[in-house]
Amino acid sequence: MLSTLYAVLFYVATIFMIVGTAMKVLKYARTPAPLKIPVSPAPRTKKGVWFRMFKEVAFFQSLFKSNKWIWIFAVLFHAGMLLVVLRHIRYFTQPVWGWVELIQPIGVYASFAMLIGLLGLLIRRIVVPRIRYISDPSDYLMLILFLGIVITGMGMKFVMPVDILAVKQFFLGLMRFQINELPASPAILTHLGLVAVLMIIFPISKLMHAPGVFFAPSRTQVDNAREFRHLSAWANQLPPLPEGIPEEGDV
Amino acid sequence: MAPKDEVPVITSNSIDDAFKIPKLECGAMADSNTFAAAPEHNEPLGFPGELIDNWQEVAIAKMGELAEKNRAFQVYLDACVKCGACTDKCHYFLGTSDPKNMPVARQDLLRSVYRRYYTFAGKYFPWLVGARDLTREVLDEWYTYYHQCSQCRRCSVSCPYGIDTAEISMAAREILDTVGMGQKYCNEIITKLKKTGNNLGLNPKALRATLEDLEEDLEDETGIPVRLPLDEKGADILLITPSADFFAEPHIDGLLGYAKVFHAAGVSWTISSYASEAANFGMFIGSYENMREVSWRIRQAAKDLGVKRIVFGECGHAWRVGYSFLNTLAGPFDFLDQNYPIPQHIMEFTSDAIDDGILKIDKSKNDEFVMTYHDSCNVARGSAMGRKEGGQFDLPRKVLQSVCNNYHDMDRDTIRENTFCCGGGGGLLTDDLMDLRIKGAKPRMTALQQVTADHGVTHMAAICAICKTQFSKVMPKYGYEMDNIMSVHQLVANAVVLDGQETDDDDAAPQAAATEET
Ligand code: HEM
Ligand code: SF4
Ligand code: SF4
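Protein chains in written order, with the numbering used here: chain A, 1 to 251; chain B, 252 to 769.
Bear in mind the hints are in silico, worked out from the structure with no lab data behind them. Backbone N, C-alpha and C fix where the C-beta goes; we use that ideal spot for every residue, glycine too. A couple of the hints might just be wrong.
As the list claims (entries may be wrong) - Pairwise CB distance ranges, derived in the manner of DEER restraints: (1) B/D282 - A/P137: 25 to 35 Å; (2) B/K274 - A/V159: 40 to 50 Å; (3) B/A457 - A/W50: 45 to 55 Å; (4) B/E472 - A/A58: 53 to 63 Å; (5) A/P137 - B/G300: 39 to 49 Å; (6) A/F92 - B/K271: 44 to 54 Å; (7) B/K271 - A/L238: 39 to 49 Å; (8) B/I272 - A/S3: 22 to 32 Å; (9) A/V12 - B/I272: 39 to 49 Å; (10) A/G244 - B/K456: 19 to 29 Å; (11) B/I272 - A/G244: 48 to 58 Å.
Based on the sequences and whatever the hints tell you, model everything.
Below, the structure written as structure tokens:
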């Protein structure tokens, strides 16, 4: 019963996340950027833009320049999350890929990085008046949601282990459209429940910053406006303006 | 309102004061209100004369339309994670302490409404994501705070996603215009430009007389008939310069500088009375159509006069429009000489002339000045110059250092891509916003006071008509004289020695001029 419920939940969550995000991304991609607005100094070639974006996505370069505290916590959280997510691949693969085996030990430390990062961000949000001012309930809840996932996850690792092989069988089963028994431990149920919530809200929340960063014209455009016109489809359909200079005396 | 700007002279002796994060004072600038445009200034721009009855419906629809027409608007509204990195980057926040002048808070004024009508969370759980209905109070708040943003993009540089509050401000002003809530300053100016070709409403006759006076001044000074041609068909270069260059100080001295450089380079050039304005306030109000119409005049003037090149004078946002938008809005410029950038900045021209050894320069003419340089935001973060990335920072400095001996940069976090706005950009250079302008200039002025204390800097040069006007107005509040702000080409004009120009009382040799007459 519980297993069926969670199975349905994860199917639904997966569809929401993938379809929802894909729809948003398609919308971003289809929306024209009618003018060249790269924040300069900006790269003058496509290659340069790739490099700029790589530095932004891999190192949060702009954030590093603008706020060291947020940067440290953001990097701890995101880098930790990346490793943790990669580590989780082993629950979806049989046999487990070699490199996923390799990162297993680091993955454990990564959860601490994530935890510290999240706590740092949450504390900042609460104690720095500027950031408290711009925070809505959803901004706190988002961090609390992630904290919930991380803490239940770490709980299973360090405090009260669950039958992880059974959990793996459950997910391997889902991938073949069959429902295996999910251990009824509160920790795993909470952990998985929160992850499902995360997946569902992904496309309708600020988590869209992840795909969004690749569609921000201020960073992703090539600075070549003098060389190439950049006419959007709707601008091309504006009524043509009159040629020539009107006669004197129209003042 | 009036006595508010009579603040005492403000001085600081630590650069940290430029970045000092103030304690939040909610509502500190809630009363700042720029004059509303009259119907005769809204209608020529294609907007309703005054607030329409169904403004709410129209504003919401316009917001949706903009999200569909402008990727930046849509992505920026979605992507912000409220990390707070931008919160202390705006000079208006630093200067006014009003939290709604923090860039993300400024975006949120609009984002909260967008969420309410266009997102799932905002439609069904408004309290969760801070979504709110579009009420009259909200509309007025937009008017108040989107006219406290100079669209300088300093916040965008600091944002992990490059979210550009300027784009949101422009969109907000476009929405306000669409429901009939235009701003007097911008809309009146665009109206004037559409009538006369420039922001001042100067007609061709008056313009010609002004230029002739300036020619006389130049001849008196140099003994050489340096020309300032108007509407001369067949000239090589069309100069597009802000109309402030025709009447305001120190702008005029910059114009004389361009004239001398063109003269020394032996090129023929002309100003156009039909496009006697570089400024394009269509950008400030976020109106693609108006910006396009204003740009179109430049194309028509260039065609009509049969020029081969277009060169822009010293104007910040004009150069953003010129460099980044002109080709898109009014191109293709296939009828111009493709061997030169289209358009070209006067700084690029002068820099090349220096490299080619065309200019004879006597640097000592500027020895009385100890200079620094203010990067204007639209040049710094919205355009480029020259062939190399960052040329918009390097070229003006190179030109300055080629014409004067004493130069020092201000603190590195206040120049180049981190430059602080002068406090008067983005359509805010109006007396009804003087309080805001003085406060917004504080970070820049603090950095200037620092180099004055450390290196004895006496003067600051800029290449933006708005910056120059703003500084000449606000510098006295910070312990400087109004003529401590200079045009870069003013210093060029001082130092350039024209062929045949005799120092002091000798008569000039006429050859150099003769070639130009043809
Ligand atoms: C391309 C990938 C991504 C980039 C470049 C990126 C970048 C950033 C940056 C720079 C911040 C701001 C600093 C901060 O507050 O932590 C941030 C915040 C955040 N990111 Fe990401 N991120 C990415 C992917 C993700 C993903 C996939 C998730 C989760 C599924 C995520 C979750 C979050 C959360 C929850 C915050 C908000 C933290 C807060 O409230 O203070 N990010 N991200
Ligand atoms: S664009 Fe400039 S003025 Fe506007 S919010 Fe950003 S920093 Fe402030
Ligand atoms: S820096 Fe960018 S993401 Fe962070 S609060 Fe400001 S606008 Fe939002």
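The hints, checked one at a time:
In this structure, B/D282 and A/P137 meet the distance hint of 25 to 35 Å, their C-beta atoms being roughly 30 Å apart. Under the hint 40 to 50 Å, the C-beta atoms of B/K274 and A/V159, about 43 Å apart, fit the expected range. Between B/A457 and A/W50 the C-beta distance comes to about 52 Å, which sits within the given range of 45 to 55 Å. A beta carbon spacing of about 57 Å between B/E472 and A/A58 agrees with the range 53 to 63 Å that was offered as a hint.
Between A/P137 and B/G300 the beta carbon distance is about 41 Å. The supplied range of 39 to 49 Å therefore holds. Separated by about 51 Å at the C-beta atoms, A/F92 and B/K271 satisfy the suggested range of 44 to 54 Å. Between B/K271 and A/L238 the CB atoms are about 46 Å apart, so this pair conforms to the stated range of 39 to 49 Å. In this structure the supplied range 22 to 32 Å is violated for B/I272 paired with A/S3, their Cβ-Cβ distance being about 53 Å.
For the pair A/V12 and B/I272, the supplied restraint of 39 to 49 Å holds, since their beta-carbon distance comes to about 45 Å. Checked against the given bound of 19 to 29 Å, the beta carbons of A/G244 and B/K456, roughly 22 Å apart, stay inside it. Remark: the range hint 48 to 58 Å for B/I272 to A/G244 is upheld by a beta-carbon distance near 54 Å.
In this structure, only the earlier hint numbered 8 is contradicted, and the remaining ones agree with it.
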